Structure formats: C-alpha cells, structure tokens
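This is what each chain is made of:
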Amino acid sequence: DQQVKQNSPSLSVQEGRISILNCDYTNSMFDYFLWYKKYPAEGPTFLISISSIKDKNEDGRFTVFLNKSAKHLSLHIVPSQPGDSAVYFCAASAAGNQFYFGTGTSLTVIP
Amino acid sequence: NAGVTQTPKFRVLKTGQSMTLLCAQDMNHEYMYWYRQDPGMGLRLIHYSVGEGTTAKGEVPDGYNVSRLKKQNFLLGLESAAPSQTSVYFCASSYPSGYEQYFGPGTRLTVT
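Chains U and A are the protein sequences, given in the same order. Residue numbers 1 to 111, in our numbering, belong to the letters of the first sequence in order. Residue numbers 112 to 223, in our numbering, belong to the letters of the second sequence in order.
Hints were generated in silico from the structure; no laboratory data involved. Bear in mind the structure is a predicted one, so any value in this text is a computation, not a measurement. Accuracy of the hints is not assured; some may be wrong.
Unchecked claim - Calculated pairs, DSS-like style, for lysine-lysine (alpha carbon to alpha carbon, straight line, at most 27 Å):
#: 1; chain 1: U; residue 1: K68; chain 2: U; residue 2: K56
#: 2; chain 1: A; residue 1: K120; chain 2: U; residue 2: K37
#: 3; chain 1: U; residue 1: K56; chain 2: U; residue 2: K37
#: 4; chain 1: U; residue 1: K37; chain 2: U; residue 2: K54
#: 5; chain 1: A; residue 1: K168; chain 2: U; residue 2: K5
#: 6; chain 1: A; residue 1: K168; chain 2: U; residue 2: K37
Said to hold, decoys possible - Pair by pair, the computed Cβ-Cβ distance ranges are:
#: 7; chain 1: A; residue 1: T126; chain 2: U; residue 2: E15; range: 29 to 35 Å
#: 8; chain 1: A; residue 1: N184; chain 2: U; residue 2: I18; range: 41 to 47 Å
#: 9; chain 1: U; residue 1: I18; chain 2: A; residue 2: G164; range: 44 to 50 Å
#: 10; chain 1: U; residue 1: S74; chain 2: A; residue 2: M130; range: 22 to 28 Å
#: 11; chain 1: A; residue 1: E211; chain 2: U; residue 2: P40; range: 18 to 24 Å
In this text, a Cβ means the ideal position worked out from N, Cα and C, and glycines have one as well.
Required output: the full structure, derived from the provided sequences and hints.
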C-alpha cells in the first residue's frame, strides 16, 4: 500500500507563474519529508526538505509547506522557469533509515 | 569527486541468469541504499546499509541480495533473474542522520 502519494502525474505551468506540487501521506509516524527533482536518464537530486516540527521551509524560489493534521505537503516554485521542467518526487521517513517515495509529478514549464 | 557511480549503465539478462550491480561512492558516506523505479510506482527501497558489514531489508527485498564489504561499495545481486525484475535501479548514499541522499545515474535492467 502506497504510504506516500502524488495524485497528479503531470502539471503544466507558464514560465514566471507559480508551480504547486502536492503530496499526501498516510503514516503519522513520518517526521521528515524531502523533495527530489529528476531529469531523464539521471538520478534524483535533492531539492528541499522539512522536518515535522516546522510547517514551512524556504530555499530561494522553492518553498515546502507541511500540514500535519491533513498529512499533506506541497512544493511551491516561484517563479517557474523552463529549467524546472522535470519529474518531482516527494519522500518521507520515520526515524531516518527508510524513505518512502511518491510516484512523481512531471512538471512542464512552458516558455 | 565522482559522487555516486553505478556499473553497468545498461544490461539485458535472460530469465534465470544472475548478475551483480556495483555502486561506489567517494563521499565517505556511512549509509547506502538500493532502489528500483518502475512506471507508476515511484522509487521503492530494496535493501540498505548503515555501515560497512551491515545490511537490512527495505520495502521490496525478495529476489535480491546485497553486500557491503567496503564502506565505499554496495553490491546488489540477482541470483536468478525474473522478468518482474525489469526496472531501473538506483543506488544512493548519505551521512548518518543526513537525510539528504545522493543518487547515482541508474542502471537500466531488462530481463527477457
């Protein structure tokens, strides 16, 4: 059973606009969440993370929001750029040894 | 620094054949992981290691074995390949309690 879900397989956004990628989880023991970005034929690369003691973390154009009561996190990219076109995975962990990944959302930023 | 490297990049096996995938990292990371990525399934953890000489099962360990004889290397073995093991395999490494994982470029394996 999928413990981390990304219900939108794809998303298209105009350059300069905001991209919002969503992720839901079922395990209330998860205490750390990460977003990875993946280009074709490459391995995922770390983007941003958030601990369960926070509800927001920012890094430049990227912001992750965590809503623990709803078991939901989202990644905001503002402004979106064509180079942001990639597959984005969210991942979650309880105690840090095993990570559970979502199925990914393919983002296309249209110039 | 090469980061995380994986050998080979591509491989085609016949059902029942065996092979070993090699992962190497030069970042002195304690933790290493093997994942598989399948369409519609995301990345799923096969096995992981929290240090030299230690291994543990992940989400989908059946049909695979691993060994971590040296800190920098993590080997994934398929003793008798099955078509269900057709996938892209990713290796990753991290510091202890360093939740950020560094991934290799992947190995595309096809079992016919």
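Evaluated hints:
1. U:K68 with U:K56: This hinted pair holds, its Cα atoms lying about 11 Å apart.
2. A:K120 with U:K37: Cα-Cα ~20 Å, so holds.
3. U:K56 with U:K37: holds, 19 Å
4. U:K37 with U:K54: Given that 27 Å is the threshold and the Cα spacing comes to 22 Å, the pair holds.
5. A:K168 with U:K5: holds, 22 Å
6. A:K168 with U:K37: holds, 25 Å
7. A:T126 with U:E15: 29 to 35 Å: The hint (29 to 35 Å, Cβ to Cβ) is violated, given that A:T126 and U:E15 are roughly 47 Å apart.
8. A:N184 with U:I18: 41 to 47 Å: Given range 41 to 47 Å: holds, Cβ gap about 43 Å.
9. U:I18 with A:G164: 44 to 50 Å: holds, 48 Å
10. U:S74 with A:M130: 22 to 28 Å: violated, 40 Å
11. A:E211 with U:P40: 18 to 24 Å: holds, 22 Å
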